[in-house]
Each structure stands twice: as C-alpha cells, then as structure tokens.
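Colleague: Okay, here's what each chain looks like letter by letter:
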Amino acid sequence: MLLSELSPGQRFLLFLGRNWVIFFLCFLCVLFSFTGAGFLSPKTLNNILITSSPALLLAAGETFVIIAGGIDLSVGFVRGLISVISAIIIRDLYAAGYSPYIAIFWGIVVGIGVGLLPGLVNGILVAKFRVPPFIATLGIYGVANGVALRLSQGFPITFLPPEVGEIGNGFVAYFLPGKGYSFFRRPAEILPEDMRNLIGIAPFAFLIALLFILIFAFILSRTVFGQHTYAVGGNIDAARRAGIPVDRHLIKVYTISSFFASLSGVLATLVFSIGAPTQFSSSLELFAVAAVVIGGASLMGGKGSMLGTFLGVLVLSVLEIGFLMSGILPFYRYVAVGVTLIAAVLIDQSFPELVYD
Amino acid sequence: MMSTSLSTRENKKWLYILGKNWTILFLLGEAIVFSWMGTGFFSIKNFQNILVASTTILLLAAGETFVIITGGIDLSVGFVMGLCCVISAKIMVTLQALGLSPVICIALGAGGTLLLGLLPGLVNGILVAKFRVPPFIATFGMYGIAYGVSEILCNSVPIAGLPALAGFIGNGYLLYYLPGRGFTWFSPPQGIARAEIRNLIPLFPNVFMLSLLAILIFAFILSRTVFGQHTYAVGGNIDAARRAGIPVDRHLIKVYMIASFFAAMGGVMYTLRFVTGRADAGAARMLDSIAAVVIGGASLYGGTGNIIGSLIGTLIIGVLETGMVNLGLPTHNKYVYVGVILILAVLIDQFFPEFVEKGGT
Amino acid sequence: MKKSFLTIFIVSLLVLVLVGGVLAQEKKPKIAYISGILDPFQVLIGEGIKDKAAELGMDVFIAEHPKAWGPEIQVPILEAVAARGDIDLIAIAPTSQEALIAPLKRIHDSGIEIITVDTYIGDGDYSKPSDWSFPLAYIGTDNFQGGVEVAHHLAEMIGKKGKVFVETTNPDVSSVVERVEGFKKGISEYPDIELVGVEYCLDVQEKAQQQVAAALQAHPDIVGIFGTNLYSAQGAYQAVANAGLAGVVKIAAWDATEDLIKALNEGQVDLVLAQKPYEIGTLAAEWAYKYLVEGQEVPKRIVPGFFFFTRDNVDDPEAQQYIYRMPQD
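So the sequence lines, in the order shown, correspond to chains A, B and C.
Residue numbering for the first sequence follows the numbering used here, starting at 1 and increasing by one per position.
Residue numbering for the second sequence follows the numbering used here, starting at 1 and increasing by one per position.
Residue numbering for the third sequence follows the numbering used here, starting at 1 and increasing by one per position.
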C-alpha cells in the first residue's frame, strides 16, 4: 500500500502512531511542568541528561543485540563490574603517586578493555554453542556480579581523586546570568550565593555518551555491518544463505553490547565518584530492554533504531525525574513504565510496516 | 544409533544414564561435599532449613515451569509475589482490627490472596494470547505494575501487626520429636527445660509441606492429565497444537494464571514466615527461579521440562547457598557458580538431546 | 530399578543422620555474629566480638555479611548459621523490626540465645513480656539522643535558620528511624528552621546521591543536610560537592568512615558522629560470656556512647580511635 493511497486522516493517524514516542515525551514534559516545581528548567534538563547517560549507553548496546534477534541480560552487572575495576585502577594509581588524569585514563582504558570479554564469551556461547541468549547472558550476569563483589569485597570503592567527580559532573561551559560565561571550569571568583544560579551547559557525561551513540548509530544505519545486523535479526537462515558470516557477526554484536556496558560502568564511576557493583534492585538490564522496545524494536529482531532507543531512554528518565519532582511516590513510576511498555508494543503492532513512502 | 556396535552401545548406556540424571547426581555430590567440609550440615535440622529456605524459589519455579514449557516466560512472578504478600498481610491486619478470630483472619487472608493473585496471570495471559504481546514484554510490564501497586498499597513501609498465629504457622512444624518423650503434633511438648530444648527435633516444616502439596498436585496435572499434555503440545509446536484442535489461547491464559497462582502462594508463605507484608518479598528470587527451571531440564524454546526437574534445580541452588554460609564462604562466588551451572545445564542438555525428558517424570 | 536404589540410598542417609544427630557437644561456648549489611560499621562490630571472644576463650563464627539490607537476604543466612548445630548464642543486627521476630523466636526456641546489636526487634524493650522479649539484650547507640544532638549542632552551624533535608535509609529499621525522630525533635526547637523532606535510599549510596541532587533541585535554598548513616551521608556530600555547594550547604554525617573523615578534613562535610562499633562488639561478647559461662543476668539494654567529630578536633590523637578503620587482611 502506498502512502498516496491513504486519506489525509489516515495519514495523520499513521504519523501519530509511528512517532508516538515523541508525542508522548512532549506530553510528559508538559504534564510535569505543571505538577513539579521547577521541572522545566535548565538544571532539570541537565539532571535528566546526566542521570540517563549510563542508562543510555546500556540501551544503545542492547539495541544492537535485540535487532540481531537476541537479548543481553548481563549488561547491568557488567556495568557494575567495570565500574569496580576502573575505580580500583584509578584509586591505586592515584595512591601510587601518578597524576589523577593518568590514573583516570588508564582506569578507563583497562576497564573498557576488560569489559569486552563478557561480550566475547556471550557471543561465543550464543553463536557457536547455540545456548539461548537469555540463558547465556543470565549465566554471565551471575559471573560478572560474582567477580565484581569479590573484587570490591562488597564495599563501594572510594578515595578516588576529586578530578573524577569533576569530569563526571562537569560541563563544557558555565553560565551565570548577569555575570557571563566560563569554559570547562566553574568561574573562579564566584560567590557562594551565586552558585545556586550557575547554569551548566552541555554536561560532559552526556556528551561522551552521545558521541559513542552517534558513532554507532551511524554504523547501524549506514554501514554494511548495520545492514547485516538487521538481516540476521530478520531471518537468520536467509542471512546465512546470503553469505553473511552469521556466527562471527553475532559475536561482534554481543561484544558491542558489552563494550557499551563497560562504557556505562566507567561513566557511572565518574558520575558517582565511587566504583560500585550493581545493586540487585536496579534491574538495569530490564530497563535497557524496555527502552529499546519502547523505541520501536521488536524482540523478534530485525526492527529498531538508535534514535528510537534514545527516545525510549528519555521517556523513562523523564518519568523518573518527573515523578520525583512532582512529589508523587516513585512507585507510580514503575506502574507507568509497565503500562508504557505494554502500550508501546500494542501500538507498534497496530501500525505494521505495510505502508511505505 | 542403529549402526553402533554392542560395546559402544554399552558405553553409551552409562553415558546416557549419567547425562539423563546429571542434576540429581550433582545435587547429591553437592550435599556430600558440604556435609563433609561443613559443620552440622548433615543434619535433619539443616536439611529442613534448606527446604524452608528454598520454598520461595520452589513455588516461583513451579509456576514458571508451566510457562516455560509453553515456550514463554514470566518475569512478573517476583513482584506479583510481593504484591500478594502485601495484600495478604493487609487483609489479615484489617480483619484482625475488626475483631475476627486469628484463624479466620489468616484463612480469609490466604484464600482471598490466592484468588486475587490469579488476576495478574489473567492479564498476562490475555496480553500474550489475544494481543500477541511477546511474553517477555507483557510480563515485564506486569512486573512494573505489580511492584508499583504493592509499594503504593503499603506506602513503602512493611506491614506490621498481624496475628501471632500467622508466625506460629509459618515457622512451625507438623511434628516434634523429643528423644525420651516421644512425638507431639503441631507444637513442641509442654514444659521442656531450656537445657533439653536443644535435643528437640522438629519435623516437616508447615510452610514447606503446604507448598509441596500444591506442587505435587500440579506436577500430577502436568504429567498425567490432558491439560499437561496440551501444555507440552503448545510449547512444542504451537501451530500444530492449534491444528490439532487445542484451544491454544485459552490454554495459554490458564498457564499464566497458574504461574500467578504460585506467585500468590509464595507471597502468602512469606507473610506467614515473617509475619509482615513486604513489597520486595520475591524480588531477590525471581531470576533464581528461572535458573532453577532451566537447570532442571527445561528449554526456553518450550516443549520440555517438568516439575521434578525444577525441584532438583531449586535444591541445587538452595544447597549451594546454605552450604556456602555454613562454611563461612563469602557468597559472591555463589553468583558465579549458579551462572556457570546454568550454562553447563544448557550445554549438557544440548549435547545429549535424547536425554531430555519430553513431557513426563 | 534405579529409582528404588535411590530411595534406599536416601533412606539410609536419613537413618545415619538421625543416629549421628545426637553426638558430642562443643566444650567451648561458641557465638555467631550476623550483621545487617556489609559496611565498615557492621564489620567493626564483628571485630570487637572476635577480639573479645578470643580473649575470653570463646569460639566465634562470623557469618557472611549480607550484600543488601533486608530480611529476605539476612534470614536465610541466619537459619543456615543456626542449623550448624554448634552455636550457643547469636549476636545479630536485625534488618527489620517486624520481620525478624518470628525467625529469631524460632531459633531461640531451639535453644540458641539471642543478643541484638545496633538495631532491635519490636519496640526494643525486652524487659516487658511480649512477643519480642526473648533476646538477652539490645546493645546499641542511643540513636534518638544522637539525632537530637546532631540537630542542635547542625542548627548552630547554619545560624539557626533555613531549610534542612534528611537523607536516610529505611523506614522500618529501628536505628535510623530513631535518628530521624531525634533529629526532628531537636529541630523543632528552632522556629526558623524548616525540614523540607526525608528520603529513603535503602542503604544504597548512589540512590542517596541522586535523591539529594533532586532535593537540591526542588529546594535550591537548602542549607543543611543530615545523612543518617554512612551510605546516606556519603551520597549526600557527593551530591552537594557535585553541585559546587560544598561548604555552602552544611552536612552532618552519622558514622565515621575514613571516607567521611577525609571529607570532613576537606570541608565537604561539617559534622561526623562516630558510634562505637568495636565497643558494641566487645560488650556483646563480654555479656555473652557472662551469661553462658557464669550464669549472670544480663541487662536488657546496654548503651555505649558516641563521639562528635568537627573540623576542630578531627586531628586530635585521642579522637583517632573512633574512626572506623577497617582491619587489614
């Protein structure tokens, strides 16, 4: 069916249905600006962006895996593991006398390097040993958590150099209304009372996340690698017959997911100034999957996009912070997320890809 | 298989026996290792403790078994359990405040919860069967809703003030044996000196026995009734099942309601054991229950698995946990072990496909 | 055939167990310690118990420290420890006032004595007969009084006026609940100070950080924050530091971890209340010994004191002993 064959009314409905996430997001922002004091302010925006950055990364990695028809439940605990590893390295190098920036650099590099391993293992289990992704990643989830707890002895890793928190919570530019700009650092001569009015622009944490997301969004949508990912997810046998090296591709996809999880762990260390294993109650991996699905992906594979995932994460973050600022019990948020998720799938099902421009 | 010689068939027979029962052997091996290395591990009290401690996973796993056999999954069981825990506590507290006898409060609380607990399963089932929402999503959505509602119901504060009879039932045993004095039912013998108390041997924990009853009933249903056969059929090949005339949609709804029922039962048991209603009652155990089912031989693709297998899977995890505490080992390694066992389970089942039970004990 | 072999095997095991179950008892009294969560305060209580018990000639079993706060995690540990069969007394920091009553009672009924440390069950009064009066004693800081004094100190630091916020852990844990109640009472004496909120981070530091950050957002003119335990306080000062408000917002922290003392030194925290976990542990072991070996009666409530750190006394040599230093192992 072609777009031109639809009536204007039908076309509008289609537009609404296809892009419902954006409309929903706008609706939420309007709603919360009424119910929450100070919701619509730059500081809130920064809060949302900084808080969602680690989650954004998890969801980005998960996008690849889900499009390829699999699932990765280990991302939450891999993030905790790498947060611990990077924090330990930073702390020990700093204590040994190295400059904080060197310590941080190596912490990040080693953390991400080690973080590729779980993905590799996941990929091999799924591709070569045909272990169902749910199980393989569930097993690795346990292993990652165990190692994280062992390394940290259960305590958060503290005594990191203050530069860690500065980078994690820093901004590219600072603006003080009436007094001007400064870059990268807070204005030196600022008075304590003015601190509260200081507005940060472009949080580092978010920018770092955004950078990687854009790179991989490009890979997903415009390279052969991306096309192969959709193909494998859409119909794995057809992909194989078409000559795509499916096994190797799956391993790469799970490694990407793991890469993003470790990036998320490193970012978490920077934002919170501690390295900590992931708590059980956080269900980070489930929220990552939820974000991806709200963003339009299908668990069967073959559908989805980075942009959709990005919007999905924003919806979840806005829900969380909006509820917090409106003083509503945070638990209504869980209900809201649950309902949103189910609604997402129902809506996407009602608008199948029969229509194309 | 037809062309193998006699001797290799003999070897294959042993391998077959090993592979088919690796879970039981592993469980026994675990128990033996911990008994040998631990203190007081090998005792009636400790084994019963393991059973009681595993009750939550057991109940959740039993319900999950049905769902997984149909090729689906239910992620909401943990928080539906929490929701039911809160509901049962609330009912009991409210009835008690109205002046009803403790027995009525508890009976109505438990019964009412088990009925109400069917609702989430109904919703899950309808979403999956009628609206074709993938089970992962539908039940994850329900997870959020159940969690939210339960926290709202109890205002994030665990519910207190339940009748003491609840704790008595939840922590009591059917039978007590004091060497030299004989047996008593339902409560310890009167007037024991404090020094003698250590020799008292309690038998058959109430909570575990009640759960076992429910589980055995449903194990029977799964393996020996038409309903059970239909479950395997739907999981094996849903289209073939439909063509064979099985009312697949209605069946799926019933299966999710079974999972929900067991989650509700888990919630009631928790309330009885801890005399409180908490929204996070089942949170820590949810993924363990799925692991138990898979370790026990079920495949996530559906069509295989059974309750006894899930029981063994649960015990493997339970023995591991208790054993590690008994030995004073830090439990971070537990997650690693369970993760490894889980992957091994799948690998073994894959390499020996003919060993996997297809429906039946 | 295989099934009956298995049955015989299991039955013979059970027979062996029943027979072997009534064997020799330990000669030395043995006490076990079950903490509430893995954190320096709880670990130090264990150290106190361990050292004193060794001195008095008792055996000690330190159970693993739970990774998160809650009965669903603590009770399995509790029951597994009790089932060992060789424990005479359990010192435990109950993770819920309500949920631990039934399991602890069951263990008490099997012959094991109970002492609760840091937190209590029921209403903490074991002297009046009730469902929860079976423990020998409750040994813990006077949390209510501590909360009151923190309120007074904080009020002084903020000039007796302004908005304050409380970051705490759980609504059903006796220790922190009393601290918050005490704080509220202390603050009520200052008409110009307003308490704008109480948040629960469930003993997770990152959550505390996020909640405080959100609170600073919603109420930009907060001048004082009370973090009721180490994770709450650490998260709180991180959030304040990240907002660049260190020193502008005064922070009172409960529990003197090395992290918090360092923050006190650097001006990110302004008041630290040190409990005496090591002493709590020592007292627990001491009274356990007195009861088990000497048959003495144990007071139902034992209260070691606490110590305040400010920037003025943080380097005093006599004060150093109150910092929660972890054992090096």
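These are calculated hints, taken from the structure and not from any lab test.
Ideal Cβ positions, reconstructed from N, Cα and C, are used throughout, including at glycine.
Check before you lean on any hint, since a few could be wrong.
Stated by the list, open to error - Straight-line alpha carbon distances no greater than 30 Å define the calculated DSSO-like cross-link-like pairs of lysine-lysine that follow:
(1) B:45 <-> C:67
(2) B:130 <-> A:128
(3) A:43 <-> C:67
(4) B:45 <-> C:50
(5) C:290 <-> B:90
(6) C:163 <-> B:45
(7) B:45 <-> B:130
(8) C:67 <-> B:90
(9) A:43 <-> C:161
Said to hold, decoys possible - Simulated DEER-style distance windows between Cβ atoms:
(10) C:310 <-> B:111: 56 to 62 Å
(11) A:247 <-> B:244: 49 to 55 Å
(12) B:97 <-> A:12: 38 to 44 Å
Colleague: Are residue 97 of chain B and residue 12 of chain A spaced within 38 to 44 Å by their CB atoms?
Modeller: 55 Å, violated
Colleague: Are the Cα positions of residue 43 of chain A and residue 161 of chain C separated by 30 Å at most?
Modeller: Cα-Cα ~26 Å, so holds.
Colleague: Could you grab the alpha-carbon distance between residue 43 of chain A and residue 67 of chain C and see if it respects the 30 Å cut-off?
Modeller: 34 Å, violated
Colleague: CA of residue 163 of chain C to CA of residue 45 of chain B, is that 30 Å or under?
Modeller: 55 Å, violated
Colleague: Hey, residue 45 of chain B versus residue 130 of chain B, does the alpha-carbon distance stay inside 30 Å?
Modeller: Status violated; Cα separation ~48 Å.
Colleague: Could you say whether the range 49 to 55 Å given as a hint is met by the Cβ separation of residue 247 of chain A and residue 244 of chain B?
Modeller: Given about 36 Å between the Cβ atoms, the range is violated.
Colleague: Is 56 to 62 Å right for how far apart the beta carbons of residue 310 of chain C and residue 111 of chain B are?
Modeller: 59 Å, holds
Colleague: Going straight from one Cα to the other, do residue 45 of chain B and residue 50 of chain C come out at no more than 30 Å?
Modeller: Distance of about 27 Å is within 30 Å: holds.
Colleague: Under the criterion that the straight-line Cα-Cα distance not exceed 30 Å, is the pair residue 290 of chain C, residue 90 of chain B satisfied?
Modeller: Not satisfied, since the Cα-Cα distance of roughly 43 Å exceeds 30 Å.
Colleague: CA of residue 45 of chain B to CA of residue 67 of chain C, is that 30 Å or under?
Modeller: 26 Å, holds
Colleague: Given the hinted pair residue 130 of chain B and residue 128 of chain A, is their Cα-Cα distance within 30 Å?
Modeller: 35 Å, violated
Colleague: Assess, step by step, whether the Cα of residue 67 of chain C is no farther than 30 Å from the Cα of residue 90 of chain B, and give holds or violated.
Modeller: Holds, at roughly 29 Å.
Violated hints, in rising order: 2, 3, 5, 6, 7, 11, 12; the structure is consistent with all others.
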